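Q: Residues per chain are reported as follows:
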Amino acid sequence: MLHEITLTINGESYPVIVKSHYTLSRVLREQLGLTGTKIGCENGECGACTVLLDGEPVNSCLVLAVEAEGHRIETVEGLSKGGQLHPLQKAFIEHNAVQCGFCTPGMLMTAKALLERNPHPTEEEVRFALVGNLCRCTGYLRIIDAVLEVAEKGGEA
Amino acid sequence: MTIQTPNPVGKSVPRVDAFEKVTGAAKYVDDMAFGPTLLYGKIVHSTRAHALIKKIDVSKALALPGVKAVVTGQDNPTRLGLYLKDRYIFAYDRVRYVGESVAGVVAVSEEIAEQAAKLIEIEYEDLPPVFDPYQGAQPGAPLIHPDLGKYEVVPFIFPEPGTNISEHFKLRKGKVSDAGVADEIWAQCAAIVEDTYTLPQIQHAPIETHVAVAQWNPDGQVTLWSASQSPFAQRDLVAQSLGIPHGNLRVISPYIGGGFGGKAGISIEANVVLMAKAVPGYPVKVRMTREEEFVATNVRQSLVARYKVGCDKDGNLLAMEVAYYFGGGAYNDYGVNIVRAAGYSCTGPYDVPNVKGDSYCVYTNHPIGSAMRGFGMPEIHWGLEQIMDRLARTIGMDPVDFKRQNCVRTGDIIATGMTMPQIDLVQCIDKVAKAINWGHKDPPSAPHKRRGKGLAIMWKAPAMPPNPGSSAIVRFNEDATLNVYVSGQEIGQGAFTIAAQIAAEALGIPFEWVRVSANPVDTKYSPYEWQTVASRLTWSMGNAVKAAAEHARQQILEIVAKYWNEDPKDLDIKNGVVISYESEREQPLKKMVVYGLPNENYEGWQGGPIIGTGKFMPTYVTGLDPETGQGTRAVVHYTVGAQAVELEVDTETGQIEIIKIASAYDVGKAINPDLVMTQIEGGAVHGLSSAFEGLRFDEQGRALNASFVDYKLATALDAPKEIHGDIVETPLEDGPWGARGVGEHVMVQTAPAIANALYDALGIRFNHLPLSAEKVYLALRNKEKPEKAR
Numbered sequence: 001m002l003h004e005i006t007l008t009i010n011g012e013s014y015p016v017i018v019k020s021h022y023t024l025s026r027v028l029r030e031q032l033g034l035t036g037t038k039i040g041c042e043n044g045e046c047g048a049c050t051v052l053l054d055g056e057p058v059n060s061c062l063v064l065a066v067e068a069e070g071h072r073i074e075t076v077e078g079l080s081k082g083g084q085l086h087p088l089q090k091a092f093i094e095h096n097a098v099q100c101g102f103c104t105p106g107m108l109m110t111a112k113a114l115l116e117r118n119p120h121p122t123e124e125e126v127r128f129a130l131v132g133n134l135c136r137c138t139g140y141l142r143i144i145d146a147v148l149e150v151a152e153k154g155g156e157a
Numbered sequence: 001m002t003i004q005t006p007n008p009v010g011k012s013v014p015r016v017d018a019f020e021k022v023t024g025a026a027k028y029v030d031d032m033a034f035g036p037t038l039l040y041g042k043i044v045h046s047t048r049a050h051a052l053i054k055k056i057d058v059s060k061a062l063a064l065p066g067v068k069a070v071v072t073g074q075d076n077p078t079r080l081g082l083y084l085k086d087r088y089i090f091a092y093d094r095v096r097y098v099g100e101s102v103a104g105v106v107a108v109s110e111e112i113a114e115q116a117a118k119l120i121e122i123e124y125e126d127l128p129p130v131f132d133p134y135q136g137a138q139p140g141a142p143l144i145h146p147d148l149g150k151y152e153v154v155p156f157i158f159p160e161p162g163t164n165i166s167e168h169f170k171l172r173k174g175k176v177s178d179a180g181v182a183d184e185i186w187a188q189c190a191a192i193v194e195d196t197y198t199l200p201q202i203q204h205a206p207i208e209t210h211v212a213v214a215q216w217n218p219d220g221q222v223t224l225w226s227a228s229q230s231p232f233a234q235r236d237l238v239a240q241s242l243g244i245p246h247g248n249l250r251v252i253s254p255y256i257g258g259g260f261g262g263k264a265g266i267s268i269e270a271n272v273v274l275m276a277k278a279v280p281g282y283p284v285k286v287r288m289t290r291e292e293e294f295v296a297t298n299v300r301q302s303l304v305a306r307y308k309v310g311c312d313k314d315g316n317l318l319a320m321e322v323a324y325y326f327g328g329g330a331y332n333d334y335g336v337n338i339v340r341a342a343g344y345s346c347t348g349p350y351d352v353p354n355v356k357g358d359s360y361c362v363y364t365n366h367p368i369g370s371a372m373r374g375f376g377m378p379e380i381h382w383g384l385e386q387i388m389d390r391l392a393r394t395i396g397m398d399p400v401d402f403k404r405q406n407c408v409r410t411g412d413i414i415a416t417g418m419t420m421p422q423i424d425l426v427q428c429i430d431k432v433a434k435a436i437n438w439g440h441k442d443p444p445s446a447p448h449k450r451r452g453k454g455l456a457i458m459w460k461a462p463a464m465p466p467n468p469g470s471s472a473i474v475r476f477n478e479d480a481t482l483n484v485y486v487s488g489q490e491i492g493q494g495a496f497t498i499a500a501q502i503a504a505e506a507l508g509i510p511f512e513w514v515r516v517s518a519n520p521v522d523t524k525y526s527p528y529e530w531q532t533v534a535s536r537l538t539w540s541m542g543n544a545v546k547a548a549a550e551h552a553r554q555q556i557l558e559i560v561a562k563y564w565n566e567d568p569k570d571l572d573i574k575n576g577v578v579i580s581y582e583s584e585r586e587q588p589l590k591k592m593v594v595y596g597l598p599n600e601n602y603e604g605w606q607g608g609p610i611i612g613t614g615k616f617m618p619t620y621v622t623g624l625d626p627e628t629g630q631g632t633r634a635v636v637h638y639t640v641g642a643q644a645v646e647l648e649v650d651t652e653t654g655q656i657e658i659i660k661i662a663s664a665y666d667v668g669k670a671i672n673p674d675l676v677m678t679q680i681e682g683g684a685v686h687g688l689s690s691a692f693e694g695l696r697f698d699e700q701g702r703a704l705n706a707s708f709v710d711y712k713l714a715t716a717l718d719a720p721k722e723i724h725g726d727i728v729e730t731p732l733e734d735g736p737w738g739a740r741g742v743g744e745h746v747m748v749q750t751a752p753a754i755a756n757a758l759y760d761a762l763g764i765r766f767n768h769l770p771l772s773a774e775k776v777y778l779a780l781r782n783k784e785k786p787e788k789a790r
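Just so you know, the sequences run in chain order Z and E.
Residues in the first sequence are numbered consecutively from 1, following this note's numbering.
Residues in the second sequence are numbered consecutively from 1, following this note's numbering.
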């Protein structure tokens with residue numbers, strides 16, 4: 001069955017026609033060209049497809065596009081504003097917290113949600129928040145350091 | 001003000017690919033747009049571990065609306081392979097593992113392709129399977145490849161037709177025979193340790209699964225977009241197998257979402273090309289699901305390793321016998337060279353006068369064992385580094401002193417008869433011993449917990465054919481920014497950044513002026529690179545980039561020298577300006593690197609657009625005697641390192657907490673020290689994770705844990721509190737500024753370092769990976785009967 005819906009993504013409205021079983025990650029990537037959100041398992045196990053739904057991190061491979069209507073969706077493409085990188089993006093670059101880059105968008109979105117919920121997390125809280133985002137390259141420590149540094153500097157996230 | 005970094009080699013300049021990656025702009029294969037004509041492919045996998053294919057009925061699948069084609073092994077019964085051509089693209093007459101590609105379906109949507117895949121009916125006749133590599137190597141084991149003797153193979157690989165052994169590397173040094181090290185040598189030993197160690201197949205688990213898109217046009221032009229560490233090797237293999245002229249086959253590879261060896265060589269790519277051939281003019285995409293990635297792409301080989309090692313009363317190693325039985329899985333086209341590498345490096349980083357080593361690659365009815373970070377070295381060091389620890393303790397020596405005393409040094413004649421090139425392993429050992437505060441034990445955090453420390457050392461050579469080549473092109477723009485063309489892949493290790501640093505340094509321009517034009521690598525336009533494997537890019541591609549930059553530099557100096565009527569020898573390029581040490585004149589590179597310079601009074605011009613080309617290929621590697629493994633130069637060089645682990649074990653749960661990992665590697669020259677550190681850190685956690693990973697199979701060869709729920713990777717909670725890294729720099733003779741590779745080495749000995757620390761904490765040895773809290777708990781409960789060797 002086809003549904004005509006409007007998705008609110010990074011503050012913009014996108015009318016789309018989707019099938020009932022289309023996931024949010026699929027619609028973002030294949031219909032809207034927002035390929036910054038990555039697919040790693042399509043089972044909610046790796047976190048690469050993490051986007052924010054009303055500020056909460058979700059695996060967009062487990063959210064149906066029709067469910068996302070009426071909610072505020074944020075993806076990695078919306079992090080930088082007016083050519084200015086988000087403090088988390090800057091910190092990821094400065095800490096060399098990026099290697100292959102495939103987990104990076106999901107990591108950034110999870111970290112953003114954490115800092116919005118808890119602006120001054122402990123290291124343990126950062127680790128716990130990131131536990132659903134798998135990274136095979138970096139060993140995590142630089143990602144954790146980058147998030148902690150943004151929190152310390154009070155960078156609004 | 002824009003930052004300008006002159007002479008960037010040795011400086012931790014930022015990654016050139018980071019901005020794209022944090023903004024989501026970086027494109028991977030699955031992010032590329034192919035338009036509405038894109039078709040979707042689904043591979044049908046074998047459900048049997050070992051069986052003859054009696055019949056394949058595709059009629060129901062073909063009848064499904066939306067299905068465009070079905071491809072089976074009948075469509076292209078030619079063999080494929082990097083070192084040993086032992087597999088068909090789609091299974092032809094038999095299947096050899098659960099997960100093998102039997103057919104490919106092409107349809108207008110993923111959903112229809114999936115549905116059609118289920119409608120393909122395959123009739124099998126089961127054959128007896130082989131799962132254990134040691135059993136599989138014994139006479140009388142069921143034969144997995146009865147045609148082994150007919151397969152095309154490179155000259156340095158030695159299959160044994162009539163058996164399941166696809167490669168047997170023999171090393172004989174000192175007083176040894178095929179029966180073993182001479183009795184008189186064993187008689188001189190004050191201590192001998194003999195034991196068996198095993199490890200299971202594990203998976204690379206890159207977050208990006210394998211994905212490929214292919215288009216076969218009616219005019220014979222074929223394009224393959226693939227997430228690949230090896231675009232040129234893939235072009236070569238597919239071209240050979242499918243009879244496509246190399247010039248008609250274009251492989252395009254953008255950024256890769258993690259490789260770790262799993263995207264080296266060839267996996268599903270030839271299948272996708274064949275599927276595209278069936279629908280001329282249409283692009284066809286196949287993306288592996290996570291489950292398929294686990295069982296139907298590549299895995300690391302399993303190993304059954306037997307060791308017997310002896311030393312004298314002063315702790316000098318005297319004798320070593322090793323037999324490595326690698327579980328190569330169903331096809332060993334790449335795996336045979338892993339086993340060869342394990343053979344010529346079988347002693348680990350030790351100076352042992354008498355060695356008998358046998359390294360066997362054994363076919364089994366499990367997934368394809370192929371290249372993975374470390375390439376045989378994590379596998380052999382797992383047992384070896386524990387044996388050395390045990391040997392030291394048996395004669396009452398500190399294991400660190402023992403390793404320092406026996407480790408290889410520059411100029412040593414190593415096991416293959418080669419003279420060890422420049423390295424400083426002793427310094428690596430000393431650095432990690434200091435960093436982990438060796439010899440001192442902190443009290444545990446609770447009474448039911450135990451602390452322990454362990455140390456392990458390693459070596460690894462780039463394992464390659466003798467002559468893998470690299471090439472590079474540099475091209476100036478009007479503003480003197482420079483485009484560097486390479487085909488080394490950016491798989492996360494920082495290859496593009498290193499290429500930019502090397503080009504800038506060799507040319508004398510700021511780092512920020514360089515752009516790396518390698519995303520995507522496109523075999524139609526990019527210069528040749530063998531593969532992004534073997535930790536060889538900084539060294540080999542680096543040498544090619546340096547040569548290309550020097551070629552461009554020389555052209556510039558000649559033009560300016562003529563313009564000034566000076567000798568090019570008196571000129572230099574500093575920070576983007578040509579200077580004369582003789583006349584102290586200056587000439588900016590801007591404009592002149594494209595437009596050239598006028599002659600006096602504008603009587604004509606000279607110069608023109610500057611393009612530099614460079615190449616590198618090692619020319620000095622020799623063959624080895626097939627009976628003894630002896631030869632002048634087995635490999636190009638070795639990278640060595642040491643790693644130490646501090647951990648705490650909860651005796652009530654068996655839970656292991658890794659507190660700290662300290663690593664030191666001799667990289668020759670750190671082109672970018674912080675990027676070396678990112679490898680050291682990421683590798684330590686990869687190594688830690690690998691110690692707890694293992695694919696499990698049922699008695700029919702079906703994987704039981706092919707998902708991230710059942711196959712656990714280390715998470716942010718598992719990473720140690722601290723990873724300490726030390727960089728040692730003993731320049732390599734033929735490395736750019738002395739640099740050698742380090743990308744794989746950083747995980748080679750983490751598992752045995754953990755095992756040695758577990759022994760230190762608990763007094764229990766663990767011979768069989770994977771480790772787990774359950775295994776530790778049970779071992780603690782059975783401490784009086786330690787885990788038995790198989």
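Among the hints, erroneous ones may be present.
Said to hold, decoys possible - Simulated coverage check for chain Z against chain E, where a stretch passes if three residues somewhere in it have a Cβ under 8 Å from a Cβ of chain E:
id	stretch
1	25-36
2	40-53
3	61-68
4	72-82
5	93-101
No lab work stands behind these hints, which were simulated from the structure alone.
None of these values were measured; they are calculated from a predicted model.
For glycine and all other residues, C-beta sits at the position ideal for the given N, C-alpha and C.
Q: Take the hints in turn and mark each one as holding or not.
A: Now the hints, each set against the structure:
Look at the stretch 25-36 of chain Z against chain E: 5 of its residues bring a Cβ nearer than 8 Å to a Cβ of that chain, three or more, so the hint holds. Look at the stretch 40-53 of chain Z against chain E: 7 of its residues bring a Cβ nearer than 8 Å to a Cβ of that chain, three or more, so the hint holds. Counting residues of the stretch 61-68 of chain Z whose beta carbon lies closer than 8 Å to any beta carbon of chain E gives 0, which falls below the threshold of three, so the coverage claim is violated. Residues of the stretch 72-82 of chain Z lying with their CB closer than 8 Å to a CB of chain E number 5, which satisfies the three-residue condition for coverage.
As drawn, the stretch 93-101 of chain Z meets chain E at 7 residues by the rule of a beta-carbon pair under 8 Å; at three or more, the given contact holds.
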